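Please work from the sequences and hints to get the whole structure.
As a plain string of letters, each chain reads:
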Amino acid sequence: MSTSTAEPASKVELPASAGGGGEIPSFDITLRVRRYNPEVSEEAHWDDFTLTMYGTDRVLDALHKVKWEHDGSLSFRRSCAHGICGSDAMRINGRNRLACKTLLKDLDTSKPITVEPIKGLPVEKDLIVDMEPFFQSYREVMPFLIPGGHEPTKERLQTIEDRARFDDTTKCILCAACTSSCPVFWTDGQYFGPAAIVNAHRFIFDSRDDAGDMRLEILNDKEGVWRCRTTFNCSEACPRGIQITQAIAEVKQAILSRNI
Amino acid sequence: MQVHKYDVVIVGAGGAGMRAAIESGQRARTAVLTKLYPTRSHTGAAQGGMCAALANVEEDNWEWHTFDTVKGGDYLVDQDAAEVMAKEAIDAVLDLEKMGLPFNRTPEGRIDQRRFGGHTRDHGKAPVRRACYAADRTGHMILQTLYQNCVKHNVEFYNEYYVLDLLVVEEDAVREDGTAYKQKRVAGVVSYDLATGELHVFQAKSVVFASGGAGKVFKTTSNAHTLTGDGMGIAFRRGIPLEDMEFFQFHPTGLAGLGILLTEGARGEGAILRNSEGERFMERYAPTIKDLAPRDIVARAMANEVREGRGCGPHKDYVLLDLTHLEPAHIEAKLPDITEFARTYLGVEPFTEPVPVFPTAHYAMGGIPTNIQTQVLQDNDTVIPGLFAAGEVACVSVHGSNRLGTNSLLDINVFGKRAGVAAAEYSKTADYVELPEDPENRVRGLLGGLLESNGSERVAQIRKELQDTMDANMQVFRTKESLERVLSDIASFEERYKNVTVQDKGKRFNLDLLEAVELGFLLELAKVMTVGALHREESRGGHYREDFPDRDDEKFMKHSMAYQDSSASTEHVAGIRLETKPVIFTRYEPMERKY
Ligand SMILES: Cc1cc2nc3c(=O)[nH]c(=O)nc-3n(C[C@H](O)[C@H](O)[C@H](O)COP(=O)(O)OP(=O)(O)OC[C@H]3O[C@@H](n4cnc5c(N)ncnc54)[C@H](O)[C@@H]3O)c2cc1C
Ligand code: SF4
Ligand code: FES
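The listed protein sequences derive, respectively, from chains F and G. Here UniProt numbering is used: position 13 in the first sequence is 13, and no number is missing along the way. Here UniProt numbering is used: position 136 in the second sequence is 136, and no number is missing along the way.
Hint data in this document are derived by calculation from the structure and do not stem from the laboratory. Model, not experiment: these values are computed from the prediction. Don't take each hint at face value.
[Stated by the list, open to error] Calculated lysine to any residue pairs in the SDA-like style (CA-CA distance at most 25 Å, straight line):
(1) G:507 with F:124
(2) G:505 with F:68
(3) G:464 with F:49
(4) G:507 with F:42
(5) G:507 with F:64
(6) F:154 with G:98
(7) G:152 with F:212
(8) F:11 with G:313
(9) F:171 with G:345
(10) G:505 with F:32
(11) G:152 with F:221
(12) F:11 with G:289
(13) G:464 with F:70
(14) F:11 with G:307
(15) G:505 with F:48
(16) G:219 with F:51
(17) F:171 with F:241
The structure is reproduced here in structure tokens:
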């Protein structure tokens, strides 16, 4: 056995700060939520809730507090509560974010915090929108591996560099924060939108995939990548930190440089 | 009444459900009913990896993997099942790669593998690199890849359909030995469409339960809000037993106070646990493999450090996960998500400061009993034709009393695939079972009762109190007294639950109503878990009784089987009958579990 990798020390001096600070501070906020329930009224309106919250609380905690203690009819989607399932993209103070990943203390709590559904998709009730058009665009880019050649008995080989080539776009959780922050999508619901392009990118640049040309052809459509006006809203909105604008630019470049 | 007819209905679109759907969808007319959009399922939260003895980076084989699984489960594992899983692991990983999963690669371009707790070479000699992974988002990549392949194969999903009842009929039958019994048969399921509030009956020849875990019975948990054990609860209410429910895994490294998971992969990459004195305390509890000991051992060690006053922070109620001696670039490459969790949710910079952690409720080892063909059992040996289960909802039992890390992503793929194939094959040979009269009856009663109640109790309040008592009394240390306290608490919650009020009376997206339904499942399952824990007067794997600290093979080398039975009572709890089921041994004799 090699002795070159030393075992970590059995005992170390911990820095005084280790383990974080003392008591968690509390503060009051006003949560201003866009409400809509067609069973009750065709008109949407705003509801204000004053809540006492804590330093580690997120917007999702505030929404839960409303639902669990004040108004059980407030409706929103959520599941994982730590930014991994993509359920709770919403407009928070005018910006698309995940409620479970937005700490209240990072917002200006001296003013009401506004929460609205993401834009460009039909609102169903309160913060819940119809996601079907979004998934429809996703499905249209053939978001699955289409390998060439015959199937090897073991795994297909892929170099570390080739694997890294599309790493960024594999992080997508299909939350729609990007697509629903895109001004082109707001005015033209037919536009594929950034999320579909991100998921096409994930396969176009996968060395194991053989159908890049088909996907590029799809995205060369009039509702495809050329509608993108590079406003960067999508990259700013992405909770996974995906460089969406860059991915779109790479797809545009690939369309231009391929020779059919 | 809206009735749909399919050959196969799959309940749940996490890893197990979608793996089943890919198989079943190509063989038979299949519908997948899921309360979440498929990509929202909690399989996506899994981080560390999926193990298989590929031997890509060092010598390994499936027999070593089987042994580790059996030993890790403290010998309560059914060894035939563990062997199937370890053998089929290799194809399960290769299947995913062929479907497009972007695994991390070795310099030769093969699937890379890393260490994980309890996985060893040659029966415990040294840690082995067995976990295949995609950075620290292996589960995310599995979920995405399976969904992508469902899109490819045009699998039919009913999204945001909550399954709330299983339709079973009972027929008189006679066993080989001449005794009469009631044979259960499956006719379909009843589901609630979240968007409209309408009930839909799905008649099916085969039904596959793949509805995931029940972590929300606890307060501190790595599980999603939606993991409320619906599948287990539905089965239990229909007279199907639940196996080994007392065994729940507490993962050592949840972010303190939040429960959000930091993968064991962090310790696999070299992170170590320290107490307030800066000691690497695992040296005391597992001198050989230290921080990579199985989860139950590490979790108890941590809780013990805290109990003995060596916890950190203002309330001395957590320990620290130290990554500061590791190369930041390496960690950023291998574990980008979890370092971000520490930053986002605790404001701790993991490259320079140790991260506060404490055990978090993570995984249900128990569940709906099945055989290795994933067929559900109505008792120790009788299969229910047409009913299958796979994934965390099921108990095969490959995890015994403690699951090894990376064995669940494996389980969902191996047994998910088996379930999909078996369900489709069965549907080709079988006829539909006639629907019972008024099949929606039970669900309508359940929902109507909740909507009409004008009580004063709030769902969230009862749920919080349930989770508090489970954390305080049913967590890594248990005693007769603590468990009896939980049971008396649950009895009072059940009374209060009758007076619960649902504020939202509407039909559209009434999640208020569904949270009330889910609480019903949680209460029922918490009770079953606790009764099992009280009855099991020994310590084994994830179940630790301070008043019975040793494993007692003579009395308890058995699975427990809990049945709903109004004429019975166990440990003074009415309505539950507890029986046992023998453990299946093939190669390995029980030994003391030392690391
Ligand atoms: C944070 C975290 C990290 C983990 N890391 C690892 C790891 O690294 N390696 C490993 O092997 N394991 C890991 N696990 C465990 C593993 O991820 C899970 O056990 C596994 O993914 C469960 O998969 P499943 O398909 O059974 O359930 P899930 O993925 O939870 O899916 C459940 C499905 O059932 C549906 N459903 C539930 N109730 C109903 C209902 N009433 N009606 C209709 N549909 C319903 C849901 O919509 C969902 O689609 C981890 C777990 C967690 C929580
Ligand atoms: S690219 Fe980012 S913002 Fe867009 S859907 Fe994916 S995760 Fe969400
Ligand atoms: S609840 Fe899952 S991403 Fe926010």
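Here is what the structure says about each hint:
| no. | hint | in the structure |
| --- | --- | --- |
| 1 | G:507 with F:124 | holds, 12 Å |
| 2 | G:505 with F:68 | holds, 15 Å |
| 3 | G:464 with F:49 | holds, 22 Å |
| 4 | G:507 with F:42 | holds, 15 Å |
| 5 | G:507 with F:64 | holds, 20 Å |
| 6 | F:154 with G:98 | holds, 9 Å |
| 7 | G:152 with F:212 | holds, 16 Å |
| 8 | F:11 with G:313 | holds, 18 Å |
| 9 | F:171 with G:345 | holds, 19 Å |
| 10 | G:505 with F:32 | holds, 23 Å |
| 11 | G:152 with F:221 | holds, 21 Å |
| 12 | F:11 with G:289 | holds, 17 Å |
| 13 | G:464 with F:70 | holds, 16 Å |
| 14 | F:11 with G:307 | holds, 20 Å |
| 15 | G:505 with F:48 | holds, 21 Å |
| 16 | G:219 with F:51 | holds, 22 Å |
| 17 | F:171 with F:241 | holds, 9 Å |
No hint from the list above goes unmet by this structure.
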